[in-house]
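Letter by letter, the chains look like this.
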Amino acid sequence: MKNILKDLNKAFENKIRLAIMSALLVNDYLDFNSLKELLDVTDGNLASHLKSLETKNYVSFKKEFLNRKSHTKYSATEEGKLAFKLHIKAIEKLLK
Amino acid sequence: MNQEKYLQDLAEIKEMMNRSSRFISLSGLSGVSAGIIALIGAYAAYETVYNNQNYFDYRHASITQESILQLVLIAALTLVGAVGTGIYFTTRESKKRKQKIWDTQSKRLLINLAIPLFTGGFLSLILIREGLIGLVAPITLIFYGLALVNASKYTLGELRSLGILEIILGLVGCVYIGYGLVFWAIGFGILHIAYGLVMHFKYQQA
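Sequence order for the protein chains is A and B.
Numbering-wise, my numbering puts 18 at position 18 of the first sequence, and it's gapless, one number per residue.
Numbering-wise, my numbering puts 1019 at position 19 of the second sequence, and it's gapless, one number per residue.
Here chain A stands alone, though its shape is the one from the complex:
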């Protein structure tokens, strides 16, 4: 039981962060607006959750310029993918 609880990740306890990681796990990258539409959240809300995932080094981003407009592409880091998969496994074990 203790081992399972160790893999449960506090970073993914929040619904929005959980959704961000789910979406980024199955997409190579998503831009800010696509994420916003998918999650149906406000700019500020999304930005702050992305920021907290960035500081954990679970999410990385790349700024690009498309038609002179900045365009930020977010993707999950290898570390983030691993942590998220462990988190899902831990939930599944708990439910057994």
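Be a bit skeptical, because a hint or two may be false.
[To be verified] Restraint-style ranges between C-beta atoms, simulated for each label pair:
| hint | chain 1 | residue 1 | chain 2 | residue 2 | range |
| --- | --- | --- | --- | --- | --- |
| 1 | B | Lys-1095 | A | Phe-65 | 28 to 38 Å |
| 2 | B | Trp-1102 | A | Lys-62 | 17 to 27 Å |
| 3 | B | Leu-1007 | A | Thr-55 | 25 to 35 Å |
| 4 | B | Lys-1107 | A | Glu-54 | 48 to 58 Å |
| 5 | A | Asp-43 | B | Val-1198 | 36 to 46 Å |
| 6 | A | Asp-28 | B | Arg-1129 | 51 to 61 Å |
[Said to hold, decoys possible] Every beta carbon over 10 Å from chain A, so not counted as near; a handful from chain B, in silico:
| hint | residue |
| --- | --- |
| 7 | Ser-1020 |
| 8 | Ser-1033 |
| 9 | Thr-1048 |
| 10 | Lys-1096 |
| 11 | Pro-1116 |
| 12 | Ser-1124 |
| 13 | Gly-1131 |
| 14 | Leu-1135 |
| 15 | Gly-1189 |
| 16 | Ile-1193 |
[Stated by the list, open to error] Subject to a maximum C-alpha distance of 35 Å in a straight line, what follows is the list of computed DSBU-like cross-link-like pairs (lysine-lysine):
| hint | chain 1 | residue 1 | chain 2 | residue 2 |
| --- | --- | --- | --- | --- |
| 17 | A | Lys-36 | A | Lys-89 |
| 18 | A | Lys-56 | B | Lys-1005 |
| 19 | B | Lys-1107 | A | Lys-51 |
| 20 | A | Lys-89 | B | Lys-1100 |
| 21 | A | Lys-6 | A | Lys-81 |
| 22 | A | Lys-62 | A | Lys-36 |
| 23 | B | Lys-1098 | A | Lys-63 |
| 24 | A | Lys-85 | A | Lys-62 |
Bear in mind the hints are in silico, worked out from the structure with no lab data behind them.
Model, not experiment: these values are computed from the prediction.
Every residue, glycine too, gets a C-beta built ideally from N, C-alpha and C.
Since the structure of chain A is already known, use the hints to place chain B on it.
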């Protein structure tokens, strides 16, 4: 432990993975309408090509300059009708699901559908030019099937089995070239209608 919460978390993870990577608003009804239009188109083409010959016998297509023009017109009308009603029903469905019709997911779906589809289209034009008209019907089935298999990763997974059926039908059609139009009508008409009805009752009525 809060079991309810974790169950809900898992459900949400799954839902978000699906919604973010696949275009799920593909309407079953668009399959039905495309199938019906394909059958009408096939019948019109049949009347044009097999003028005054026996039904359901092995036969040769008789194609004159005039009937080629007529066939191209029938093909164009069929395509516009099928795609048009498909877009109509899918737009309706995506409004219901609050998914945008033109987003990352639908773009990715269309690009992956288009690559094999246009390849097959150009190959068909080349075959017509070379006078190999009998091969056109099965070749369109094969490439349409390949397009569906390729695109199924980005939409409802069931599209994959429809694609495989179309490919098999196309390959068999290549052997029985005289029945090309019959196979074409089964593939684009009947399979679409059957698939559309299955999807409609599975996803829309649930």
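Structure-based check of all given hints:
Here the CB-CB span from B:Lys-1095 to A:Phe-65 is close to 33 Å, well matched to the stated 28 to 38 Å. The hint said 17 to 27 Å for the Cβ distance between B:Trp-1102 and A:Lys-62, and at roughly 24 Å that hint holds. For the pair B:Leu-1007 and A:Thr-55, the supplied restraint of 25 to 35 Å holds, since their beta-carbon distance comes to about 29 Å. Here the CB-CB span from B:Lys-1107 to A:Glu-54 is close to 27 Å, at odds with the stated 48 to 58 Å.
Look at A:Asp-43 against B:Val-1198: about 41 Å separates their beta carbons, and that is inside 36 to 46 Å. Restraint check, A:Asp-28 to B:Arg-1129: a C-beta distance of roughly 40 Å breaks the suggested window 51 to 61 Å. The claim that B:Ser-1020 lies off the interface is violated: its Cβ sits roughly 4 Å from the closest Cβ of chain A, which falls inside the 10 Å cut-off. With a cut of 10 Å on Cβ distances, B:Ser-1033 stays outside the contact zone with chain A, its closest approach being about 28 Å.
Chain A leaves B:Thr-1048 outside its interface by the beta-carbon criterion, the shortest separation being 47 Å against a cut-off of 10 Å. With a least CB separation of 16 Å from chain A, B:Lys-1096 remains clear of the 10 Å interface cut-off, as annotated. A cut-off of 10 Å between C-beta atoms confirms that B:Pro-1116 is not in contact with chain A; the least separation is 22 Å. Remark: the non-interface label on B:Ser-1124 is consistent with the geometry, its nearest Cβ contact in chain A lying 33 Å away (cut-off 10 Å).
At the 10 Å boundary, the C-beta of B:Gly-1131 stays outside the reach of chain A, the nearest C-beta of that chain being 45 Å off. For B:Leu-1135, the requirement that its beta carbon stay farther than 10 Å from each beta carbon of chain A is met, with the minimum near 38 Å. Against the 10 Å criterion, B:Gly-1189 stays outside the reach of chain A, whose nearest CB is about 35 Å from its own CB. B:Ile-1193, annotated as away from the interface, keeps every beta carbon of chain A farther than 10 Å; the closest lies near 32 Å.
Between the alpha carbons of A:Lys-36 and A:Lys-89 the distance comes to roughly 27 Å, so the proposed pair stays at or under 35 Å and holds. At most 35 Å may separate the alpha-carbon atoms for a hinted pair to count; A:Lys-56 and B:Lys-1005 meet this at roughly 24 Å. Simply put, B:Lys-1107 and A:Lys-51 have alpha-carbon atoms about 28 Å apart, close enough for the 35 Å limit, and the pair holds. Using a Cα cut-off of 35 Å, the hinted pair A:Lys-89 and B:Lys-1100 holds, with the two alpha carbons roughly 32 Å apart.
For a cut-off of 35 Å, the pair hint linking A:Lys-6 to A:Lys-81 stands: about 17 Å separates their Cα positions. Distance hint between A:Lys-62 and A:Lys-36 is fulfilled; the C-alpha atoms sit about 17 Å from each other, no more than 35 Å. Note on B:Lys-1098 and A:Lys-63: the hinted pairing holds, with a Cα-Cα distance of about 29 Å set against a maximum of 35 Å. The hinted pair formed by A:Lys-85 and A:Lys-62 meets the criterion: a straight-line CA distance of about 23 Å does not exceed 35 Å.
The earlier numbered hints that this structure contradicts are 4, 6, 7.
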